[in-house]
Amino acid sequence: MTTLSRFEIHQPASVLEASQMLAQYGDDAGIYAGGTELLLAMKHAALNYRHLIDLKVILGLNSINVRNGSLEIGATSAHRSIERSAIVRQNQPALAEMESQVANVRVRVTGTLGGNLCFAEPHSDPATLLLVLGGTVRAESATGAREIPVAELIAGAYANNFLPGEVLTKITVPCAKPSHRAGYMKFQVHERPTLGLGLWMETPDDGRTFTSARVAVGCVCPFPTRGVEAEKVLTGSRGEVEKRLPEAADLIADAADLVDDHEGSVEYKRHLIHIFLRRVFRKALREPVS
Amino acid sequence: MTIPARFTEPADTTVEAPPKAKRKAAVRREVGRSIPRLESHAKVDGSAEYIYHLRLPGMLQGKICRSTVPHGRIVRIDASAALAIEGVHAVITGEDIRTLIPDPYYGPAFHDQPILAIGKVRYVGEPVAVVLAADLHVAEEAADQVVVEYEPLEPVFDEVAATKPGAPIIHDSLRPAGMFPDLQYLKGRSGTNVALDARVLHGDVEKGFAEADQVFENVFRSRKVVHATFEPTVSLAELNGSNGLTIHTSSQSPSYVRAEVSRLLGWPENRVRVRTAFLGGSFGAKLYIKLEALVAACALLVRKPVRIGLTMEEEFYTITKHGATVRIKTGMAKDGRIVAREVETWWNGGAYADIGPRVSQKSGFTAAGPYDIENVSLINYAVYTNDPPAGALRGFGISQIVWAYECQNDIIARSLGIDPLEFRRRNILHDGRPHATGTIMTNAEIDEVLDRLSDRMHWDVLFDHGSGPVRRGRGLAIGFKACIAPTTSVAVVNVYGDGSCCVSCSTVDMGQGSDTAMAQIAAETLGISTETVRVIHPDTDVTPYDMATLGSRSTYHMGNAVRLAAEDARAQLLRIAAATLQTDIEELEYRDGAVISRSGARMTMRGLMLARFGMQAGTVIGMGTFTPPYTKPDPRTGQSPQITPYWMLAGAAAEIEVDTETGRIRVTKLVNVGDVGCAINPAIAKRQLNGAGTMQLGFTLFEEMRFNEGQVINASLADYKIPGMLDVPEDLSAELVEFPHEHGPFGAKGVGETGMFSVSPAIANALCDAIGVRIMELPLTPERVLRAIRESENRPLESE
Ligand SMILES: Cc1cc2nc3c(=O)[nH]c(=O)nc-3n(C[C@H](O)[C@H](O)[C@H](O)COP(=O)(O)OP(=O)(O)OC[C@H]3O[C@@H](n4cnc5c(N)ncnc54)[C@H](O)[C@@H]3O)c2cc1C
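Which chain is which? The protein sequence lines are A and B, in order. Everything in the first sequence is counted per the numbering used here, starting at 85 for the first residue and increasing by one. Everything in the second sequence is counted per the numbering used here, starting at 1463 for the first residue and increasing by one.
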């Protein structure tokens, strides 16, 4: 089907009310944030909701603050407002930069970070970076609230781990510290990225040695995936780490369930991981990438 | 449809081009001005009419239920579940259509396509039934409930495999349509998927190869792509009085729709009225019959207005560009001259012929390129496969052909150590020399096109290829097309009592700016300003016959018809004044709504009306008909002294950057040069070149319909990428070569397709210039480029 079927829009005054509405309408209801994914999915009958609960009307749910050394981003913050937020640029520049490259400006103005994470589209950017920045999300419902690491939020392609009635209200991202280096790069030919690669490293001595690292790949696989084994070889002196980048790239590729699709073959995607791991390493160190 | 005798009369002489110096343009007021389009305001404020928005009182909406198998027999259609849904008015199948139209097969070249499938389906997505309901949502829901049971047959998708013995046969026998007498010999032919094999033989190609110093042979491929017009295809039909039918449709060929729907219904043409509005793009997707026969049949069966509007996704199952396999073999002399060329092309026409056989023949005869080659053999196979049907797409097959010969020319030039530009110069087909069809070239400014390309690219200046992972390259290509023949355009220019004027013609403005061009031609002829002219949109009850808006033919054909009609109206006005003023017509001039004599006497429009009609009201109607001469080629050899009214020459050049680590190509500069005769509106003509160049850029770099067992797996704009703003080269430019064509209206030729021809090989040649790898298949995706790089380094990608 490719015509939007009929639905009713509900405007809750609070997260609690939104959660109650979700409980009341059950499978017939869905959260409506920017609608950039939701409406397409409904047009193709991938989602069939008769009741949409409009989260954007809840006051304060799109605020961006710093508290306890972390950025707190309200779920309905649009990509565009995160990209342009002085607070984000100051406290986690890698996040602001990644956001500036999501989709196109029309989608960024409308689409929200919360919606992006909840939808778990395999070709999405933010989750891959949030995995390495150590992001968590807050899920609230009528019966309580819990904090979930981004890694545990995504259950698979187009699937999240929310319980019935849960609403994502907030994304928390630790602020960057002077000893941190982080970067995200993507390779894109079509409407959505072919590959996304996020890297985070800790360096006590301005890039001469690395004491810990986190790396994740997205788009080439059904869901963003941490390269846990790769992270182990990405510590040590800069020279050692650079020499081990190809090994790390293979470990990342091994960890991810690479998919053969119209974005490219498995071999090509493995190759791209090699190229972009080197590039994102340089980028994180604020050096020319190639 | 019968063919008027004049179509088949041989031309008595071939046309000789007058020396270029003499072909200088006269002083003009309207033609040659870059007037903003007449409809621009309406398009911005939303008042421009598009058929997709039209709703008729009491109408039903139709949703098509489509085949899920590429080739199969229909065992059973069960519509009971669909009919049980509240609000469903009817479910129509092929058998229902047969009660109205006993032989419901249509098509411009072959009557092979059923309005709805009968007994058999031939591609995934073929219309099998239609659900009608007042509410589109209900129709959609019900279309999913129509149960169709198929007995699968073996499919064939590859155009070369489909011609091999033992391939599954898609049509039991060939059914050529009446419109093209030269296809009649194919009638009843069975056991083949080749709808047409068209040949051109010139000189002795065997002898040419035997005498050649070196022979090159390559195979080039291009995949299927889609038009992706922003207004999807739409048609509505309603009963008109007790025995008529009105069809509102997004069509490029209203006159054809009237004729073909009348033929299907067995009605005289005057009972079918077809009207169009602005089209939101078309590029060949909305030609001939698309949804018109279906809505007509549905409206007559249920006696209510019926609308069917496709979604963007359904466009992918309606009409596509041909995929093609081109084998090209070229014999070279030591001095860098081409002495023999043999081109064999397999055109993937999909399940129904549409205009495919014409695409393969009319483009196929140019397959040796705009080069002077003594010995040529060209063979074109229009092939049926189980893909969605292929038809015209902005260039009518030319870009698939140019892709082959211009890539190969570069291969040859590089191998012989000749500069690619110089190689082309040495082999150009100059005016006065015979083309492979025997037609003598005239008004073909290919030297000039090459000169301009060379200037714009600073071809003589050493080029920096870069170092490191990003390499740079530049490439060029030229191509040409013969305008389709034989065709006719008719126009009426109506001058009203106050001197204002309307142009009635069946040319469809689908974004190319034809309304403005026609108004400029009428205004120039009548001495009035373009902005005051109104162009009446096609309505077959009102506007006269036109073959169709296709193949870059409207400016030349309809432009001439409008010019003739305006001249006719002007002559009538002058005759009225001459009789009243008792002077010679030569003494008089018509300008700004009045006749003025050399002696200073002046008759206003009111005076002219009074003199002619006895009161200050009336109308003067001018008529113009234009059919350029044409001689049908010999079916055996393809030879004709007059194969086309004019040639369209084109060249493109590109500078690119290649990321050798990812294989990604970025086009940094794209120049498109087109030989347009004379630009009626230079700004619009340049935009046509740039627009076409950008469209072909998408076909070159990433556009590709991807199939799985006949199912298009990227049938939406989310998965099928078309060029966006960021894909447009930073330096994109177009240049017009203007030497007035002696028979064009004010010297004009067509320009709608010209910018498509040469872009793909220019980019592939630039890729080779940058990194020395040659790719023979479109599109030039990053992975394909990277694989080619790795193969050239003897370490294929797999071995990592
Ligand atoms: C043309 C195009 C290009 C794109 N390109 C990119 C790209 O390059 N990179 C990229 O990362 N993304 C891309 N996207 C995706 C885009 O980022 C997302 O569409 C957007 O962020 C989704 O947010 P939304 O607010 O529109 O979500 P919606 O469409 O409103 O919702 C998406 C889903 O999440 C659910 N949901 C939304 N908010 C919540 C919540 N707070 N709690 C619980 N459930 C919720 C909804 O019920 C729905 O199922 C693209 C999208 C389009 C249309």
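Be a bit skeptical, because a hint or two may be false.
[Stated by the list, open to error] Example chain A residues on the side facing chain B (calculated, C-beta under 10 Å, incomplete):
(1) 88
(2) 89
(3) 90
(4) 94
(5) 95
(6) 100
(7) 104
(8) 108
(9) 188
(10) 343
(11) 352
(12) 355
(13) 358
(14) 363
(15) 366
[What the hints assert, rightly or not] DSBU-like mimics (lysine-lysine), calculated; alpha carbons at most 30 Å apart, straight line:
(16) B:1791 <-> B:1626
(17) B:1669 <-> B:1649
(18) A:127 <-> B:2131
(19) A:127 <-> B:1505
(20) B:1791 <-> B:2094
(21) B:1649 <-> B:2131
Read the hints as simulated data drawn from the structure, not as lab findings. Using N, Cα and C, we set each Cβ at its ideal position, and we do this for glycine too.
### Task
Output the numbers, in ascending order, of every earlier hint that fails for this structure.
Of the numbered hints given earlier, those the structure breaks are 4, 5, 6, 7, 8, 10, 15, 17, 18, 21, listed in rising order.
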